[in-house]
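Colleague: Chain by chain, the residues:
2 protein chains.
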Amino acid sequence: MFYSAMTEQQLKETYANLQDDFEACKAKNLKLDMSRGKPAKNQIDLVSDILSVLTNPEDCIVDGVDTRNYGELAGIRCAREYWADILDCKASQVFLGGSASLNLMFDVISRAYSHGLLHSERPWCKEEVVKFLCPSPGYDRHFRITEFFGAELITVPMTDEGPDMDLVEELVKDPAVKGIWCVPKYSNPDGIIYSQKTVERFAALKPAATDFAIMWDNAYCIHEFEGEYVPFPDIISLCEKAGNPDMVYEFASTSKITFAGGGISAMAASEANIQYFSKLFFVNTISFDKVNQLRHVMYLKDKAHTIEIMKRHATVMAPKFRTVLDLLEREVAHCGFARWNSPKGGYFISLFTMKGTAKRALELCKEAGVVMTGAGATYPYGVDPDDSNIRIAPSLPPVADLQKAMEVFCICLKLAAVEKLLKQ
Amino acid sequence: MFYSAMTEQQLKETYANLQDDFEACKAKNLKLDMSRGKPAKNQIDLVSDILSVLTNPEDCIVDGVDTRNYGELAGIRCAREYWADILDCKASQVFLGGSASLNLMFDVISRAYSHGLLHSERPWCKEEVVKFLCPSPGYDRHFRITEFFGAELITVPMTDEGPDMDLVEELVKDPAVKGIWCVPKYSNPDGIIYSQKTVERFAALKPAATDFAIMWDNAYCIHEFEGEYVPFPDIISLCEKAGNPDMVYEFASTSKITFAGGGISAMAASEANIQYFSKLFFVNTISFDKVNQLRHVMYLKDKAHTIEIMKRHATVMAPKFRTVLDLLEREVAHCGFARWNSPKGGYFISLFTMKGTAKRALELCKEAGVVMTGAGATYPYGVDPDDSNIRIAPSLPPVADLQKAMEVFCICLKLAAVEKLLKQ
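Residue numbers (the numbering used here), protein chains in the order written: chain A, 1 to 424; chain B, 1 to 424.
Think of the hints as simulated: they come from the structure by calculation, not from any bench. Please note that a few of the clues may not be correct.
A pair counts as met if it fits within one copy or between any two copies, since identical chains are not told apart.
Think about it this way: if two alpha-carbon atoms lie no more than 25 angstroms apart in a straight line, the pair counts; the simulated SDA-like pairs of lysine to any residue are [to be verified]: (1) K279 - T373; (2) K301 - D49; (3) K359 - E13; (4) K301 - L54; (5) K26 - E367; (6) K26 - I61; (7) K359 - V283; (8) K90 - H305; (9) K301 - S52; (10) K301 - K311; (11) K126 - F148; (12) K366 - F282; (13) K366 - G64.
Please model the complete structure; the sequences and the hints are all you need to start from.
Modeller: Laid out in C-alpha cells, this is it:
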C-alpha cells in the first residue's frame with residue numbers, strides 16, 4: 001500500500017513496526033560504508049597482473065623514449081594512442097596527466113582562474129563574476145572545484161537524456177556563464193547515458209562567453225557491468241564540426257580499470273588546446289610518470305582488450321547492483337514514495353526518496369551503523385533543495401554486507417517517510 | 001698566459017688558432033646535449049630492480065591500507081616515515097605528492113595565489129604586488145613558477161655559504177616580499193652547501209609578511225657523488241625553535257634516486273601546514289599513487305639503504321664531473337678569465353666566464369652541435385646581468401661524448417673571450 005494512501009492509524013502502526021525493525025538493526029552493531037565509489041578488493045585483485053608486466057629495464061624504452069627519464073610532457077606516444085582508441089579521438093588530441101583525472105580537471109579550472117583559457121579575454125580571477133553550470137544530481141567533487149575558485153554554481157536539472165538542454169542553451173547566453181560539468185556516460189550518480197541529440201546540442205552550443213568550457217568527464221566511458229560495450233559519440237570531433245573546436249575538455253582515467261588513484265589519467269581536447277595547456281603545464285612539471293603509462297599500455301593493450309578486462313570488473317559489480325535493486329524493489333517499491341534508476345554501467349544508483357526526508361533517512365542509517373554519501377552531496381554547495389536525492393555506491397562492500405546495509409537503508413527510508421507524513 | 005695580459009697581436013694569433021680549432025670541431029658534426037640535469041641510462045639501469053619489488057597483490061596492502069584503492073591523501077604511513085628519515089623531520093610533517101616535487105612547489109605557490117597560505121591576510125592574487133627572492137645563479141624552473149603568478153623576482157647574490165643573508169634579512173623587511181627559493185644542499189647550479197649559520201639565519205628570519213614562505217627545495221639531500229653522506233640540519237625544527245614554525249616548505253623527490261619523473265615526491269612542513277594543505281589538496285585529488293609510494297619504500301627501505309643506492313649513482317656521476325673539471329683545468333684555467341666550482345654532490349657545475357661572453361660562447365657551442373643550458377637561465381627572467389654564468393650538466397652524456405662536448409665548450413669559451421677583448 002502506498003504510504004500516501006494510508007490513514008493516520010495505518011501510518012502509526014507502520015511507524016511502530018518500522019521502529020521495531022530499526023531497533024533490531026541497531027542491535028546488530030553494524031559498521032558498513034557505502035559512502036564512496038571505491039572498487040572492491042576482489043575487483044582490484046582481478047587486474048593486479050599489471051604489477052608484473054613491466055619488470056625488465058630494457059622494456060622501459062619505447063619508441064626511442066626511456067620512460068624512466070624526464071621528457072614527453074604530454075605522455076608517451078603509445079599511451080596517447082591508447083587513450084585516442086578508448087575515446088575515439090586522435091592521439092594528438094590527448095594529454096596524459098598523473099594518477100587522477102580529477103587533478104587535470106582541477107588544473108584546467110585553476111589555470112582558467114589564474115591565466116585564462118585559450119580564448120579567454122582575461123583570467124577568470126579578474127572577472128566580476130564567474131558562473132558555472134552544474135547538472136544535478138551530479139558529482140560533488142566537480143562542483144567543489146568551481147566553488148573553490150569562487151564561481152557561482154547554477155543547478156541544471158537532469159532529464160533521462162542528460163542535462164536539460166533547453167535550459168542550458170538559455171543560460172549560456174549570459175557571458176558570465178563560463179562552463180558546465182558533465183559526466184556524459186553513466187552520469188554520476190544518475191547512471192544516464194546522454195542521448196546523441198544531447199551530445200549534439202552540447203557541441204552546437206553558442207555561448208556568449210568566448211571561453212566557455214564543457215568539462216566532459218568521461219569517467220565511465222567503458223564501464224558497463226551489464227550487457228555489451230555501448231559506443232558513444234566523440235564530442236571533440238562534433239564540437240569541431242559545429243565550429244566550436246576548442247570548447248570541450250574531455251577527461252578519463254584508469255582509476256576504475258586498474259588501480260583507484262594509482263592509474264593513469266588523460267585529457268582530450270583540440271590540438272590547439274593541447275598545445276596551450278602543454279605550455280602552461282610545463283611550468284608545473286617536466287613530465288608525468290611515464291613508467292606507469294607504459295605499464296598500463298602493456299597491460300591494457302587497446303580498447304578491445306580493455307573491454308575484456310572490464311568484464312572481469314562486471315562479474316563483481318553486477319551482483320552488487322542486482323542486490324541493491326532487488327532490495328529496493330522488494331522493500332520500498334510498494335510504498336510509492338521513492339523512485340530510482342537501474343543503470344547498466346558506472347558506479348552509482350541514484351534514488352529519489354520522499355521530498356524532505358533524505359537527510360533524516362541517512363541520519364537514521366548512521367545511527368544504525370551504515371554510512372552513505374551525505375544527502376545533498378549531489379547538488380551544488382551540498383544542498384539538495386528537495387532533500388530527496390541519495391547516491392547509493394554499491395561497489396565496495398561484499399554482497400553479504402551490502403544486503404545488510406540495504407536492509408537498514410530501506411527501513412530508514414521508510415521510517416523517515418512515515419515520520420514526515422505523520423507530522424503533516 | 002692570462003688573456004687579460006695579452007697584447008693585441010697575441011690575442012689575434014690566439015683567435016686565429018681558436019678559429020681553426022672551432023672549424024675542426026664543426027667538421028665533426030657533433031650532436032651532444034648537456035642542457036638539463038638528466039640522469040644517464042646506465043645510472044637508471046642500476047636502480048631498475050625497483051620495477052620488480054612489488055608484483056604480488058597481497059603485498060599491496062600495508063598497515064591495513066590497500067595501496068591500490070583510494071585514500072590516504074597525505075601518503076601511506078611507511079612512505080611518510082621514509083621521508084621523515086631522509087629529511088630528519090617527523091612523519092606527521094610529511095605530505096607525499098605525485099611523481100614530481102616541482103608540482104608540489106607549484107601547487108603551494110598556486111594555492112598561495114588563489115587562496116593564500118596559512119597565515120596570509122588575503123590570497124596573493126589580491127595583493128597589489130608580490131615580490132619573491134631568487135638567490136642567483138639558481139634554478140630556472142623555480143623562478144618561472146613565481147614569475148607565472150606575476151611575482152616580481154628579486155635577485156639575491158650567492159656567497160660560498162649560500163644566499164647573501166645580510167641582504168635577505170634587509171629585503172624581508174618589505175611586506176611585499178613573500179618568500180624565497182632555496183636549494184640548500186648542492187645548490188642548483190653552484191653546488192654550494194648552505195652553512196649551518198646560513199640555515200640558522202633563515203630559520204630566524206623576521207619577515208614583515210606574516211605569510212613569508214621559504215621554499216626549501218632539498219632536491220639533492222642525499223646526492224653526494226664524492227665522499228660520504230654529509231649530514232644537514234633540519235630546517236623545520238630550526239624554524240620551530242626560532243618561533244617561525246610555519247615559515248618553511250621543504251621539498252624532495254626520488255627523481256634522481258630512482259626514475260626521473262617516475263619517482264615519488266614529498267613536501268615537509270609543520271603539522272599545521274600539512275593540515276592546511278591537506279584540506280586544500282583534497283579539492284584537486286582523492287589520493288596520489290600509493291602503489292608507487294609502496295614500491296619505493298620496499299626498494300629504498302630507509303636512509304641508510306638509500307645512501308648505499310646513491311653510491312651506485314656516484315660510480316657513474318663522479319667520472320663525469322672529473323672529466324669536466326679536468327678539461328676546464330687543462331684548457332681554460334691558464335687563460336685566467338673564468339672560474340668554476342668543484343661540488344661533491346648535486347647535478348651541476350657552475351661556471352663564470354668573462355663578463356659579457358656567456359651568451360656568445362653558447363651560441364658558438366650550438367653552431368658546433370653542442371647544446372648547453374641557455375645562458376641567463378640561472379637568473380630571474382632568464383637574464384644574467386653579467387652575461388657570465390653557465391650551468392654545466394654533465395650527467396646525461398657518456399664520458400666519451402662529454403669529453404668531446406667539453407673540448408668544444410672550452411674552445412667556444414675562449415673564442416668568445418678573445419673576441420670580446422679584441423673589440424675593446
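Colleague: Take the hints in turn and mark each one as holding or not.
Modeller: We went through each hint and held it up to the structure:
1. Taking the shortest Cα distances, K279 and T373 sit within 25 angstroms of each other only across copies (19 angstroms), while inside one copy they are farther apart (38 angstroms).
2. Proximity of K301 and D49 under a CA criterion of 25 angstroms is satisfied in both settings, with 13 angstroms inside one chain copy and 24 angstroms between copies.
3. In the homo-oligomer, the alpha carbons of K359 and E13 lie at most 25 angstroms apart inside one protomer (23 angstroms), although the nearest pairing across protomers, at 90 angstroms, exceeds that limit.
4. Taking the shortest alpha-carbon separations for K301 and L54, both the intra-copy value of 13 angstroms and the inter-copy value of 21 angstroms come in at or below 25 angstroms.
5. In this assembly of identical chains, the alpha carbons of K26 and E367 lie at most 25 angstroms apart only when taken from the same copy (7 angstroms versus 80 angstroms across copies).
6. Taking identical chains as interchangeable, the C-alpha atoms of K26 and I61 are never at most 25 angstroms apart, the minima being 57 angstroms within one chain and 31 angstroms between chains.
7. Within a single copy, K359 and V283 get their C-alpha atoms only as close as 44 angstroms, which misses the 25 angstroms cut-off; across copies the closest is 24 angstroms, which meets it.
8. For the identical chains of this complex, K90 and H305 are intra-copy neighbours only, at 19 angstroms inside a copy versus 45 angstroms across copies, given an alpha-carbon limit of 25 angstroms.
9. Proximity of K301 and S52 under a CA criterion of 25 angstroms is satisfied in both settings, with 15 angstroms inside one chain copy and 20 angstroms between copies.
10. Taking the shortest alpha-carbon separations for K301 and K311, only the intra-copy value of 15 angstroms comes in at or below 25 angstroms, while the best inter-copy value is 37 angstroms.
11. For the identical chains of this complex, K126 and F148 are neighbours both inside a copy (15 angstroms) and across copies (16 angstroms), given an alpha-carbon limit of 25 angstroms.
12. With identical chains, the CA atoms of K366 and F282 are at most 25 angstroms apart between copies only, with a shortest distance of 24 angstroms across copies and 45 angstroms within one.
13. With identical chains, the CA atoms of K366 and G64 are at most 25 angstroms apart between copies only, with a shortest distance of 23 angstroms across copies and 55 angstroms within one.
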